[in-house]
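Residue numbers (the numbering used here), protein chains in the order written: chain A, 763 to 1048; chain B, 763 to 1048.
Hints were generated in silico from the structure; no laboratory data involved. Every value quoted in this text rests on a predicted model; they were computed, and no experiment measured them. Check the hints yourself; a few may be wrong.
Copies of the same chain look alike in the list, so a pair counts if it works inside one copy or between any two.
Here are the computed lysine-lysine pairs in the DSS-like style, where the Cα-Cα straight-line distance is at most 30 angstroms [as the list claims (entries may be wrong)]: (1) Lys-997 <-> Lys-858; (2) Lys-986 <-> Lys-997; (3) Lys-1012 <-> Lys-1028; (4) Lys-999 <-> Lys-789; (5) Lys-997 <-> Lys-789; (6) Lys-786 <-> Lys-997; (7) Lys-786 <-> Lys-858; (8) Lys-819 <-> Lys-789; (9) Lys-786 <-> Lys-999; (10) Lys-920 <-> Lys-788; (11) Lys-819 <-> Lys-1028; (12) Lys-989 <-> Lys-999; (13) Lys-986 <-> Lys-788; (14) Lys-789 <-> Lys-820.
Number of protein chains: 2
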Amino acid sequence: MEDRAQVFNKELENYLQILNIPSKLKKSMLYSVKAGGKRVRPILVIASYEVFQKNIKKTISTASALELIHTYSLIHDDLPAMDDDDYRRGKLTNHKVFDEATAILAGDALLTYAFEIIAKDNNLTDIEKVYIIQKLSEASGPKGMVAGQILDIEAETKSVSLDELITIHSKKTGALINFSVHIGAYLGGASEEQLNYLDEFSSNLGLLFQVQDDILDIIGDEEKLGKPIGSDEEKEKSTYPSLLGLKGAKQYRDDYAEKAQKALEKAGIQGSYLNHIIDYIAHRDH
Amino acid sequence: MEDRAQVFNKELENYLQILNIPSKLKKSMLYSVKAGGKRVRPILVIASYEVFQKNIKKTISTASALELIHTYSLIHDDLPAMDDDDYRRGKLTNHKVFDEATAILAGDALLTYAFEIIAKDNNLTDIEKVYIIQKLSEASGPKGMVAGQILDIEAETKSVSLDELITIHSKKTGALINFSVHIGAYLGGASEEQLNYLDEFSSNLGLLFQVQDDILDIIGDEEKLGKPIGSDEEKEKSTYPSLLGLKGAKQYRDDYAEKAQKALEKAGIQGSYLNHIIDYIAHRDH
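Go ahead and model the full structure; you've got the sequences and the hints to work with.
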């Protein structure tokens, strides 16, 4: 996973390096993009494509655009008016290094630039570009990720049921994870039937990712995570463990992992990197 | 101008009304979109198209997307971390009615939804969609409007030359105005040569718009403007009048108006609504 992330990082950074824009804006955009992370979404795009095709150059613009959108969402999420976080992955957040105005604008710029990258990629046909932009704007906009953010903020001040929690996650983080898998497989030439099973796979993978996040906030290693643990409990946040207990949460994790594997099987996919990613996410320690 | 804005407003609002999203997010998006404004950009898209074609249904998604992007930029611009404005057009700003987090997210949602609207419009071909999205993302992203915002903030703490002022305006407001005219004419079927002259027209129109804005901040009617005058001088902001005096600024205004008319002439366009808009903007009182 780390090797794949490193190869991809060069492509991603290059999209920003070539920009001829005000230096403060560029530095701020680059800071958060280079701050790292697991690159789960781009790796999912590429891995889903590789189930069907070899030459991955068709996937790079979409994988990069997706990571830019993920990065913008983190920058805005960390703002004082939102989660008010000073650190992310052990590094100062964007608005702490620069200032709030710059952080807001860097986020806006990353989001907008994501669509430019796709619209200008010569490796894609116009039909593909339009399909990608339709799906990406849906997944990241008011019906998808932004809806999840609003619901998540509202959930902070009330207790939510497990169903509501799943709805929040399916929008806040699930929408982009679904997009990753769907679009990689689409570009690779997956059949309609395979795309449906892959949507089932990615829905379970997204929830798996989230439940493990909640579990790590209780039993994780602060150094590996790059952030303090116990923050969910401190904020009295509804999580899988708070609703189901730690044992119950682990049971859900194992169920999601199994359902994800089954969905891949139904799509006729075995022994692929996607199968491996399920285990990676279920057992990740950061 | 007001009649045209009213007809367009219904189309614009409908794009938001059909969204099935969390109610707070929808209310916040609708609040700022309905807060009004002159709808200069969408009217320019439609008027530029009408120079060449009659049935304007091809322009509605782009005109709407553009106004959503303009609206998002105002919401973010008004935030405490940016211009910290409590009122716009005589109404409370988004973050004063809702809260900062919601205002940030409403802006993000409007920006993202703009691309979805274009990508899903059945009146456009895929070639047109890709071209529109390329141009719109350039005009509103890190090379265009967002660059202008950063430069504008930086200019607050130092004195700038007239050339620097023009660069800021050409990005902060000019990029979207250029896009409006260019894309309307493109969809209408303008020739390459006409598009070049229309770019010259819109560059002058954008600066005309801005110099009149600066002039109105000195000699405008507070009631008609819906905001107090004299704020530029109070903030010691570099403007056309501060650099050239009021008389000099008016001279620039008249020059821009004349250059804009000449550019239309060179494109072979006379007696159109675009010709009328030059006068409207040069003599507007709000």
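Evaluated hints:
no., hint, in the structure
1, Lys-997 <-> Lys-858, "both (22 angstroms within a copy, 26 angstroms between copies)"
2, Lys-986 <-> Lys-997, "within (22 angstroms within a copy, 47 angstroms between copies)"
3, Lys-1012 <-> Lys-1028, "within (24 angstroms within a copy, 71 angstroms between copies)"
4, Lys-999 <-> Lys-789, "between (34 angstroms within a copy, 26 angstroms between copies)"
5, Lys-997 <-> Lys-789, "between (33 angstroms within a copy, 27 angstroms between copies)"
6, Lys-786 <-> Lys-997, "between (34 angstroms within a copy, 22 angstroms between copies)"
7, Lys-786 <-> Lys-858, "both (14 angstroms within a copy, 29 angstroms between copies)"
8, Lys-819 <-> Lys-789, "within (27 angstroms within a copy, 41 angstroms between copies)"
9, Lys-786 <-> Lys-999, "between (36 angstroms within a copy, 20 angstroms between copies)"
10, Lys-920 <-> Lys-788, "between (39 angstroms within a copy, 21 angstroms between copies)"
11, Lys-819 <-> Lys-1028, "within (27 angstroms within a copy, 44 angstroms between copies)"
12, Lys-989 <-> Lys-999, "within (17 angstroms within a copy, 42 angstroms between copies)"
13, Lys-986 <-> Lys-788, "within (29 angstroms within a copy, 39 angstroms between copies)"
14, Lys-789 <-> Lys-820, "within (28 angstroms within a copy, 39 angstroms between copies)"
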